[in-house]
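Participant: The listed protein sequences correspond, in order, to chains A and B.
If you count the first sequence from 1, position 60 lands on 60 in my numbering, and the numbers rise without skipping.
All you need for my numbering is the position in the second sequence, starting with 1, plus 1000.
Calculated directly from the structure, the hints in this document are not laboratory data.
Careful: at least some of the hints might be erroneous.
Unchecked claim - Which stretches of chain B does chain A cover? Using the computed rule of at least three CB atoms under 8 Å from a CB of chain A, they are:
{"id": "1", "segment": "1071-1082"}
{"id": "2", "segment": "1101-1109"}
{"id": "3", "segment": "1125-1132"}
{"id": "4", "segment": "1286-1295"}
As the list claims (entries may be wrong) - In the DSBU-like style, the derived pairs of lysine-lysine whose C-alpha atoms are separated by at most 35 Å in a straight line are:
{"id": "5", "chain 1": "B", "residue 1": "Lys1083", "chain 2": "A", "residue 2": "Lys162"}
{"id": "6", "chain 1": "A", "residue 1": "Lys31", "chain 2": "B", "residue 2": "Lys1476"}
{"id": "7", "chain 1": "B", "residue 1": "Lys1587", "chain 2": "A", "residue 2": "Lys106"}
{"id": "8", "chain 1": "B", "residue 1": "Lys1587", "chain 2": "B", "residue 2": "Lys1526"}
{"id": "9", "chain 1": "B", "residue 1": "Lys1247", "chain 2": "A", "residue 2": "Lys162"}
{"id": "10", "chain 1": "B", "residue 1": "Lys1389", "chain 2": "B", "residue 2": "Lys1473"}
{"id": "11", "chain 1": "B", "residue 1": "Lys1526", "chain 2": "A", "residue 2": "Lys28"}
{"id": "12", "chain 1": "B", "residue 1": "Lys1473", "chain 2": "B", "residue 2": "Lys1346"}
We put the beta carbon where it would ideally sit given N, CA and C, even for glycine.
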Amino acid sequence: MACKKEHVPFSGTPQQEAALKKVIAELKDTKGALMPIMQQAQEIYGYLPIEVQTMISDETGIPLEKIYGVSTFYSQFALQPKGKYQISVCLGTACYVKGSGAIFSKLEELLGITNGECTPDGRFSLDSCRCVGACGLAPVMMINDEVYGRLTPDDIPGILAKYQ
Amino acid sequence: MYRSHVLVCGGTGCTSSGSQQIMETLKAEIEKQGLTEEVSVVQTGCHGLCALGPIMIIYPDATFYSMVKVEDIPEIVAEHLLKGRVVTRLLYNETVTPAGNVKALIDTDFYKKQHRIALRNCGIINPEVIEEYIGTGGYEALGKVLTEMTPDDVIQCLLDSGLRGRGGGGFPTGLKWKLAKQNDADQKYVCCNADEGDPGAFMDRSVLEGDPHAVLEAMAIAGYAIGASQGYIYVRAEYPIAVQRLKIAIEQAREMELLGNNIFGSDFSFDIDLRLGAGAFVCGEETALMTSIEGNRGEPRPRPPFPAQKGLFGKPTILNNVETYANIPQIILHGPEWFASMGTEKSKGTKVFALGGKIHNTGLVEIPMGTTLREVIEEIGGGIPGGKKFKAAQTGGPSGGCIPAEHFDIPIDYDNLIAIGSMMGSGGLIVMDEDDCMVDIAKFFLEFTVEESCGKCTPCRVGTKRMLEILTKITKGQATMEDLDKLEELCYYIKENSLCGLGQTAPNPVLSTLRYFRDEYEAHIKEKRCPAGVCKALLSYRIDPDKCRGCTLCARNCPNNAISGTVRNPHVIDQDKCIKCGACMEKCKFGAIYKK
C-alpha cells in the first residue's frame, strides 16, 4: 500500500516524543499494554513509522519485530502518513448492495489514487472500510469524522470541493 | 419537574444525519423561548428506525418526529412545546391514520411485532446518566444475585432460560459459564466481545451506545457466577461513540460502587477495563480476541484447550457478546421461565436483526425467535422499494449464506437457518433484489475473507484466495464448468480443514448461492451472461434505434468517445471502445439505452 509521496522523512517533535514517553510510562505495567500504547502513539504522530516503533521498543523492552508484527497485522495501524483529509468509503455489505462500489470508483477517478494511497499534495487519502454501522444511510463515506450518507456518484465532486 | 421531555437520538445513524446540531439548536431555541425550566432535552441511544433519522420523540404524548432538520426546530419549539400543537408534517407517516389521527408508535408495522429485551432501554434512557438506568430497574439483578443467589443458582437460571450466544455460534451461555466455574484458578476473566465485525450488523453498537450499563451489570453477574474479579470489553475502535459511552458508564459505576471492591457490601469484587480493537475481523473469533487483548497479532489458537480451561493470559475465561449480556439482567429479574416462554423449541428469547440493503425500513429490529422471514421483510421492513422483486436475504455476514424466496416462511432460529445453508451470525440481514448478482455477492464476501484471513493456517490463507480467483474468472466470463466443480470441492476442503471459525465458514456464501442460484453461475459460464446485469465484463450497452432521437447527449457525455452519430439520427455505441461506465444510460432522457 504505497503512498504516492514516495518516502516521507520522519519529522517527530520533542513534544511528541515526550507525550509518547508519558503514555508508555503510564501503561507499561498493565497486562497486554502494547496495543493501547501503539494506539495512543498513532494518535500522537498520526501514523506509526519505524522510528516510533523503535522508540516503543526501547522504552518497553518489547522486541521491535513483535511491534512490527502487530502494526502490520491490524488495518488500523498506518505505517505511512495519511492525507490531511482521510476519506474512507464503506464497502460493507449493506453499502455495497446500495452501490458504494460506484462511489469508490468515482473517488479513485477524481483523486487519481487508489485504496491505501494519498494524493501527492498530501491533502486526501483514500481507504475502503468495512461497515461504520450507519447502514440505515447506505451508501456511506467518511471524511475525517464527518459522515456523508445516501450518496450518489454525482454528489462526490461537490463534497470534495468543500475540502479543496 | 419538567412538563415535557424531548428525546433526540444520539446513535451513530442519527448522529451521521446531523442529530448533534439538532440538539444544540433545540437547546438554544428552548432557552430563547424561555422554556428551559419546563422542557428537558435528553440524548438517547438508537430507536432502530435509522432510515428516518434524525429522530425526535416528545413526551409525555410520545409524538414521533422523523427526518427532522435544523430549520424545523423553531417551529417545533413554538408550535409543539409552547402551544401544544403537533407539527403534523414532521410526523412519522406510519403514525398517522388515514383519518388523520395520530396512533402510538408501538402500533406501527415497524414496531408492533417487535419485542424488546436487549434493546429495551435503547432510545428511552440517557445512556450517559447512570441514574436513568437504575430508574428502569438497572443493577437490581446484580443486587439480587449477590444477596439472594449462589453462583450455581445463577448458572442454573441461565441454563433453564435456554439463552444461547448471540454472537453467531449459538452455544448455550449457561453451559459456557458452568464449564468456566468448574475450573479452579487463582484468577479468572470475563470478556465481552464487542468487536462487531460482520459488515451490516450494528446491534451491539446500538446496545453499547444506548444502554452500556446493561452490559456492565451482566459482566459483573458473570464474574460472580464463575468466580472472576476482572472483566475486559474488547470494542472496535471504529465505534467512537460506543467507546466514549462505555468509558463514562464504567466511571459512573465505579463511583456508585457498582464496580470495584465489595459490591453491595458483599465480599464480591469486580472491575472492568476497555481494550480497543484495531480493525481485524478475525479478532471476533474468541481465541483470536484473547490473543489480541494480550497485545499480540490477533491470530486464533487451536482448541482444546478451550477458553473455559485456558483462556486469557492462560486463565479460565468466558467470552460472550454484547447482545447476549444485554439479555442477562432481564432473565435474572423475570426468571428463566419468562425467557423460555418466548421463541422456538431450541432457540429461546428474542434476536436483534440489522435490516439493510434493498428494504424500506432499514434499521434495528428485535423479534421473538421463530418469526418468519416474510414477517420481517414484508411487515416490519415494509417490503422492497421501487416495486422490485425479492431475490435473497443474506444473514450471518461473511460466514453466512443467502436465503431465497422459497424459504420465506421458515421460522427464524439457529437450527433452521443452518439447515437451509445459512446461519444466524450476529444478526445482519441484508435484503437483495433482482438487480443483485449472486455470483458477484459471493465474490464480494470472498474478497472480504481473503483480506481478513490472518494467514496462520493454509486452507484459509491459500484456499480462499484460490476460490476468489475462480469466482473472478466466472464474473469475467472466462470460467469453465470444471472450474465450478473445483470451486465446490475447495469449499468443502476449506470448511473441514481450517483452524478457526473464520475459515470454516468462509465458503458458506459460495455454497449457499451455489445451492439456490446455480443457474446464475451457469449463465455466467455457459452463456457468458450476467442475468442481473451487474458483472461489467459480461455487459454491453446498446442503443435502441427506435427510441433514440439523436439528441447527442450520450455522445457528449461518453468519457471514451465510443458513441457516434449525427444530430436527429439514431446513435451507435462502438463496443470495442465502450468502457461500460454507464454514463450514457444515466444521461439518456428517452430510455433508449439498455444493458444486455
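Participant: When the structure is checked against the list of hints, which entries are broken? Sort them ascending.
Facilitator: Violated hints (numbers, rising): 1, 2, 3, 5, 6, 11, 12; every other hint is consistent with the structure.
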